[in-house]
Amino acid sequence: MRRLLSVALSFLLVSAAAHPASANGGDTPLPGYTIVNPPLAPAQVGGKPTKVLQGVHSHSGYIIEVPPRWNGRLALWAHGYRGEGKVLTVDAPPYGLRQRWLDEGYAWAASSYYSNSYDVRAGVTTTRELATLFGQKVQRPKKVFLAGVSMGGHVIARSLEQYPGFYAGAMPMCGVMGDHELFDYFLSYHLVAQTLTGNRAYPLPPDYVSVVVPRMQKALAGHDDQFRAIVANLSGGARPGTDAAYAYWQNFLFNLVATPTGDTLASNPLQLATNVGTRYQPNAPVNVNAAVQRVRPANPVARYTWALTEIPAVQGLPSAPVVSLHGIGDMFVPFKMEQDYRDDAARFGRTHLVVQRAIRTIDHCEFSPAEVGNAWGDLTAWVDRGKRPAGDDVRRTDDPRYGCRFTDRLATGGTRPFFPAC
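Going by mature numbering (1 follows the signal peptide of the UniProt record, and there is no 0), the letters in the sequence shown line up with residues -23 to -1, 1 to 399, in that order.
Think of the hints as simulated: they come from the structure by calculation, not from any bench.
Accuracy of the hints is not assured; some may be wrong.
Unchecked claim - Each computed DSBU-like pair below joins lysine-lysine, with the alpha-carbon atoms no more than 35 Å apart:
(1) Lys120 to Lys28
(2) Lys28 to Lys114
(3) Lys25 to Lys364
(4) Lys364 to Lys114
Unchecked claim - Restraint ranges, calculated between C-beta atoms of paired labels, are given here:
(5) Gly350 to Ala198: 40 to 46 Å
(6) Asn48 to Val278: 15 to 21 Å
(7) Ala224 to Gln258: 16 to 22 Å
(8) Ala347 to Lys119: 23 to 29 Å
Glycine is no exception: its CB is placed at the ideal position from the N, C-alpha and C atoms.
Model the full assembly from the supplied sequences, consistent with the hints where possible.
Written as structure tokens, this is what we have:
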């Protein structure tokens, strides 16, 4: 049955991929948007300048950069969440990737996507269309790779399912690999806090952030141990650094969910969130599981469809090798996302295509160039030679040394001092 379901789902996704949304074609931004894409100075490779192409395609700003001696390969960068503004911008790849790719002979390209908000569909389609544009303006690449961060990880995970066979490999970092479960986590964070403090306030009232949240924060003083433990379990379970991570993220998470200002899925992701099946641990001294408000998805169609929506499902069907990086103390896009993705891939027998690496950091997307570069080198070696690289078991996180294996021991800044030396 699992195999039949996998084949059927693959057929549906291939069929959808055969007809990309033609509405995205255009050399101007969508109404209400503007594109800011200042000229990018060419990099130097072997003493020679690169070729930089910039413009607007599929209602999106783009940058393409090609080294003097191109190896025929293209790396596409998928950016993260840009907020609710109406200005579209394009990023060059961070973590030293831009220069590394060029030095290795790779061309790279990045898109602004045609919209902001949490719009994964925009990222999936415009990134794919950028690869087509590259073929028209430069040359059809022999192999195409994906890399990106945060919401860009969601873009990558769905792109591998939406266009099976097109991408050769992918490197999501701090990614929303668990799709809808991210918003379940945000919902649970607030509902559990409301339960422990006696402040039932869902749906969220207009004064939630300004009045209700401060009241809850003050009242949590008597239940902080249970709440902290529940959040640790919701974000990935027992692992090093959870107390420091909770202290780092708790106020941010309280102020993250504001009263929705739009009706679209991208501007109001909580409409697909639910905690109906969530079991909270520890469940004492307060019996949270009995007392918590249970919320069903306000938009069940968006929650359960396999279609490419603004916040689409990720089934767990990677079609190419994936090397994923995630900070174990990240409680914004929590480490649990890696566990969810691993479980999804296991249901379809695809874990052989997924390698995951735990990094001992707390801030969101906090990686060193060495951590990212090593992952990239291992990914491309895997694609070229077929040897699956090493990774961490994301199901077994309670070892005090968990995350040491792939953490850069020479990187000392940021939140790394919150962890004991490896």
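Each hint tested on the structure:
As the CA atoms of Lys120 and Lys28 are separated by approximately 19 Å, the hinted pair is consistent with the 35 Å bound. A distance of roughly 12 Å separates the Cα atoms of Lys28 and Lys114; the hinted pair therefore holds under the 35 Å criterion. A C-alpha spacing of about 34 Å is found between Lys25 and Lys364, which places the hinted pair at or below 35 Å, so the restraint holds. Of the supplied pair hints, the one linking Lys364 and Lys114 holds, its CA atoms being roughly 33 Å apart against a limit of 35 Å.
At roughly 44 Å, the beta-carbon separation of Gly350 and Ala198 lies within the given 40 to 46 Å, and the hint holds. Asn48 and Val278 have their C-beta atoms about 44 Å apart, which leaves the hinted 15 to 21 Å range violated. Taking the beta carbon of each, Ala224 and Gln258 are about 20 Å apart, inside 16 to 22 Å as hinted. Taking the beta carbon of each, Ala347 and Lys119 are about 28 Å apart, inside 23 to 29 Å as hinted.
Hint 6 from the earlier list is the only one contradicted by this structure; the remaining hints agree with it.
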